[in-house]
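Each protein sequence line maps, in turn, to chains H and C.
The first sequence maps to residues 1 to 340 in the numbering used here.
The second sequence maps to residues 341 to 658 in the numbering used here.
Hints in this document: simulated from the structure, not taken from any laboratory.
The C-beta atom is built at its ideal place from N, Cα and C for all residues, glycine as well.
Take the hints with a grain of salt, since some may be wrong.
If you want a taste of the chain H side facing chain C, the calculated C-beta under 10 Å gives, among others [claimed, not checked]: (1) A98; (2) M105; (3) A107; (4) E120; (5) C128.
Which chain H residues stay away from chain C? Per the calculated CB distances, all over 12 Å, these [what the hints assert, rightly or not]: (6) G49; (7) L108; (8) D132; (9) G289.
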Amino acid sequence: MSMETSAPLVSVTDLNVKFVSRESTVNAVNDVNLTVNHGEVLCIIGESGSGKSVSMRALMRLLPERRTKITGKLEVDGQDVLALKGKELSAFRGGKAAMIFQEPMTALDPVFTIGNQIAETVCRHEGCSKEDGLARALELLELVKVPSAARRLKAYPHELSGGLRQRAMIALALSCRPKLLLADEPTTALDATVQIQVLILMRKLQQEMGMGMIFVTHDLGVAAEIADRVAVMYAGRIVESGTVQEVLTDPKHPYTKGMLSSTVHGNMRGKDIEAIPGSPPDLRSLPTGCSFAPRCPKADDGCRGQLPPEVTLGPGRIARCLKLDDAPPAAKPERETALA
Amino acid sequence: MTAYIIRRLLYAVPIALGVSIVCFALVYIAPGDPLQTLLPEDASAETIAMVRKAYGFDKPIPVQYLIWLGKVVTGDFGMSIATGRPVLGEIVKALGNTVLLAAGAVLIAFTLAFILGTIAGYRVGTPTDRAVTGFAVIGVSVPNYWLGIVLIIIFAVELNVLPATGMGPRGSDTFNLFDWNHFRYLLMPMVTLSLIPIGIIARTTRSAVAEVLNQDFVETLRAKGLMEWEILLHVLKNALPQVLAVMGLQFGYLMGGSILVETIFTWPGSGFLLNKAILTRDLPVLQGTILVLAIIFVATNLVIDLLQTAVDPRLKRG
Numbered sequence: 001m002s003m004e005t006s007a008p009l010v011s012v013t014d015l016n017v018k019f020v021s022r023e024s025t026v027n028a029v030n031d032v033n034l035t036v037n038h039g040e041v042l043c044i045i046g047e048s049g050s051g052k053s054v055s056m057r058a059l060m061r062l063l064p065e066r067r068t069k070i071t072g073k074l075e076v077d078g079q080d081v082l083a084l085k086g087k088e089l090s091a092f093r094g095g096k097a098a099m100i101f102q103e104p105m106t107a108l109d110p111v112f113t114i115g116n117q118i119a120e121t122v123c124r125h126e127g128c129s130k131e132d133g134l135a136r137a138l139e140l141l142e143l144v145k146v147p148s149a150a151r152r153l154k155a156y157p158h159e160l161s162g163g164l165r166q167r168a169m170i171a172l173a174l175s176c177r178p179k180l181l182l183a184d185e186p187t188t189a190l191d192a193t194v195q196i197q198v199l200i201l202m203r204k205l206q207q208e209m210g211m212g213m214i215f216v217t218h219d220l221g222v223a224a225e226i227a228d229r230v231a232v233m234y235a236g237r238i239v240e241s242g243t244v245q246e247v248l249t250d251p252k253h254p255y256t257k258g259m260l261s262s263t264v265h266g267n268m269r270g271k272d273i274e275a276i277p278g279s280p281p282d283l284r285s286l287p288t289g290c291s292f293a294p295r296c297p298k299a300d301d302g303c304r305g306q307l308p309p310e311v312t313l314g315p316g317r318i319a320r321c322l323k324l325d326d327a328p329p330a331a332k333p334e335r336e337t338a339l340a
Numbered sequence: 341m342t343a344y345i346i347r348r349l350l351y352a353v354p355i356a357l358g359v360s361i362v363c364f365a366l367v368y369i370a371p372g373d374p375l376q377t378l379l380p381e382d383a384s385a386e387t388i389a390m391v392r393k394a395y396g397f398d399k400p401i402p403v404q405y406l407i408w409l410g411k412v413v414t415g416d417f418g419m420s421i422a423t424g425r426p427v428l429g430e431i432v433k434a435l436g437n438t439v440l441l442a443a444g445a446v447l448i449a450f451t452l453a454f455i456l457g458t459i460a461g462y463r464v465g466t467p468t469d470r471a472v473t474g475f476a477v478i479g480v481s482v483p484n485y486w487l488g489i490v491l492i493i494i495f496a497v498e499l500n501v502l503p504a505t506g507m508g509p510r511g512s513d514t515f516n517l518f519d520w521n522h523f524r525y526l527l528m529p530m531v532t533l534s535l536i537p538i539g540i541i542a543r544t545t546r547s548a549v550a551e552v553l554n555q556d557f558v559e560t561l562r563a564k565g566l567m568e569w570e571i572l573l574h575v576l577k578n579a580l581p582q583v584l585a586v587m588g589l590q591f592g593y594l595m596g597g598s599i600l601v602e603t604i605f606t607w608p609g610s611g612f613l614l615n616k617a618i619l620t621r622d623l624p625v626l627q628g629t630i631l632v633l634a635i636i637f638v639a640t641n642l643v644i645d646l647l648q649t650a651v652d653p654r655l656k657r658g
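Pulled out of the complex, with its shape left as it was, chain C reads as follows (with noise of 0.2 Å):
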């Protein structure tokens, strides 16, 4: 098991590597040049030569790729163009805040979802496990920000008992989630973030119990005396790698932060500054916030694989 562990630890450098070269390369593909944003327009050719040299965006691009390497390896991420600051710290800021969102997203949506969808597929063919396909198909199909809208039109402009947009009162610094007044802010888009997922998970959940309960040991379960709670235990061991495989993708999802789910609520995460840096052409937190997202979906993938070869020791692979 441990050779294993670090034989798959090893496998995820090329794809990290690999993952950094579409990062970087990512931003020269697409149109528009960075300096354009930071340099007034009549801005004379030797002032941008000057700014494009001391970004070093002068140099052939395989050595700015190396060199931006060098630094990300070593936790610089280089200045943001916008607002000056550095980009690690920007990152870890919202980072912080889509992890608080992503976690009760997680939590809503993992629940909800694996009991559903165990509910289901105990019961396939029966009118309870068409209302639970029929809300999964839902859930996959509403667009999210179209419902994050629909939640705010109802609960913050008719209701008006949640606040439309942001992450806290005003003036307040920290986000205390065990503060109601805090917390009602977190409460809209986690629920509108959890719904993607809920669908999702939900419709793998049935699909792998209901393929479960159709395998030949269930009977020798049901044969050998077991109550009908515990053949549900053993069925739910032997359904849970294939869960596990959705449920880590959607996590990694849900860390990215949804671009337009914090968009629509102002809530300052990962996406947020996504959506920030691309629309001021933020090169550097660009690079850096893609970087780290793919890096993390990189690690969920690593821990769902060994995850999944703990549960089912057919998987177990030297």
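The following block holds chain H by itself, in its conformation from the complex (with noise of 0.2 Å):
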């Protein structure tokens, strides 16, 4: 995607995520640096509890305030997130940045039917009549290929399939043009045949109306199917970036390496998947040292000492490890057909 605009859509500076309360502090997130462009599509990649829906949610302000202490600085579209209030928050959440959520089954209020909760949102961003909301509603609705729209318009969420509610919710996230669309997981709670179907279908609004996206997945081939570029994630930091191409195909960081390694995807028959020993850290103590230190098979003293900095390996493309140097040339792995 080549859409050259001076200024990154969305730009994440030192963010840090911590839930307080009165037993321990759970550091979510740590240190995150990202960069959106827009019309660009980045990938999170990590495992449950690596920080990356903590770090969505803190884009659109949906953590609980009262428990959270978020630092750090975030801006879309040249906004403050973190400064937004009242009105101005609630013109940003839906309006300049949407989000689509992991489960389908309740993400969408059941009481209420899925045109008069989509057209509710564009009442409310565009301030038009209530005929015109449910009018664009159904646009929405043949917009994401729902089959009989009008039909579904009057339907409540029960009445629905898992697939047919995603594309509701992608619907309803669209439904004010967003120059940012936050996806967490969204084709984690579907069929494989209808994730497949949901992933092409948004890859393509995608790229029609320009957006921004983050999306948030653990899944490599979901990744690979629709990501410009990759941000891994691990212990609240962010261990690699760089092109989609890069991190699947040249892992640097011994995570990635093992994530990579851990996966079915083009393996010999009868050969054993690697999987990564040991657990992710517990995120109220984290190591002083590297967090994937306990479970690196590369570490040694220095790892545990202190925090790899982030090594920048060319434009774009950076590895937070100290042992960069020691990884082999990348051996073409047979996999990279397979994710290509």
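Build the complex: two chains, separate frames, hints provided.
Spelled out as structure tokens, the structure:
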């Protein structure tokens, strides 16, 4: 994607999110830096609890304010997101930035019709009448390829299948032509066949509408399908980022490598899948050094003693590891063909 | 929807029949003979037998039930043993008075409890929530007859600003709701009666609202840019079916008239009538009142059921 604009659409600088309770403090996101350009798709990959969803919610200001401490700078299209209040925040959410959630079964209000829920959003942001809102809702349902859209407009969420609900959710998110679309594992809860349809639809709509998109997933196959750039998160930090090609075919960070070799794509029959040993660290008490060190085959005392700095390997290509030089030049893995 | 309403109405018929059997039987399970209060102590066996026959008490109980049911269906509840007046008239009059009292209590309780419960549910764990929950627990726990007596002591005896008992100044036959001289009689019983429903409904509303707020779709509502008050409307519509169910039950109880509260304030409602009928063993009045109240209860639940279905589309049952 090459839509040259001077400033990036999203710029996240030194984002830290802590959940504070009386007993403990959970360091969910630590010093995250991100940029997304207009019309670009950034995929954030990471396992559960790596802070990818929390980062998204911080961008939408959806985290409960009483228990959350957010520091850093969040800018979307020139707006300082953390400074938004009241009406401005309402206009930002759903207007400039919209979000799609993981669970289509529970993300829609069960006692309102699909049409009303979309129309409500349109009316909120564009101040039109309810009839106009419903007319727009119908267009949107057709846009996301919901069959017999007019009938579905009057349906309640429980009357639709998971795939249709997620399409309705996408229609809802796109209703006010946002510049930024945040998608939090939108295909994870869907059947495999429906998954690919929804994915293709999202990629198509994103390109047609020229939106920037941050797509959170733990599925490398999904990332390969939809992403322009990829950021890999581990224990609340971005450990590696680059273009989708670079990261998936020539991973630099041991965690990314481990993750890639633990997928079944293109592996030889009968060959055991290599799993990463151990489990992610406790976010309440992170190790002082590299968070991945306890599970890393290459870790030494240096890794355990200090936090590895970001190493820039090329434009937009970053890895957070002290052992990058030890890494042998990427041996052409056979999975490349499967992912490309 | 129409088919559903008709089906629910048909379901209500066997329930009402069952209730009528229980009502009728209850009186026979209770100890004591209604004729005792009616006849002098030295009445001869013949007189007793005659009166027994006159009231139909000599026939087998199932036959008595069928005869009673046949009359009841046509609106004939018989004559009161104590006063000799038609039971239906007594019930209608008492029920009218109770409706007045209950409607007031419902208005206070439902409004106050719904507002308090919503505020608490929105701020679970805060001092506001604890204050509301504490108030609700007190409301449920304090016996209302005790509160009634305390209110009488404070406002009627000590301050002398409200009348202690009755439902209107001496000599007045009708009750005028919009006349302060009448309305002041309603005030204390109304407040006393509303205490328990306030507690129960506030607690239900609180937990329903808190539960709905924890659901995923609330995040979607925030993400699509709704203002907090718009989100509140969504939350309340979701919480409403649960709250309605409890409101319906409470409405049923209040319509039954609280025997204790009406007796304390000598409010001539259905509870007061029941109390009198029990004390005088006035069987026809007792049976008639219980039956009418039970039918009102069944009808209330039916209405609530239909309301819930209207609010929550997931409940739509064929």
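These are the hints, each one checked on the structure:
no.: 1; hint: A98; verdict: 7 Å, holds
no.: 2; hint: M105; verdict: 9 Å, holds
no.: 3; hint: A107; verdict: 5 Å, holds
no.: 4; hint: E120; verdict: 7 Å, holds
no.: 5; hint: C128; verdict: 14 Å, violated
no.: 6; hint: G49; verdict: 18 Å, holds
no.: 7; hint: L108; verdict: 6 Å, violated
no.: 8; hint: D132; verdict: 17 Å, holds
no.: 9; hint: G289; verdict: 35 Å, holds
The structure shown violates the earlier hints numbered 5, 7.
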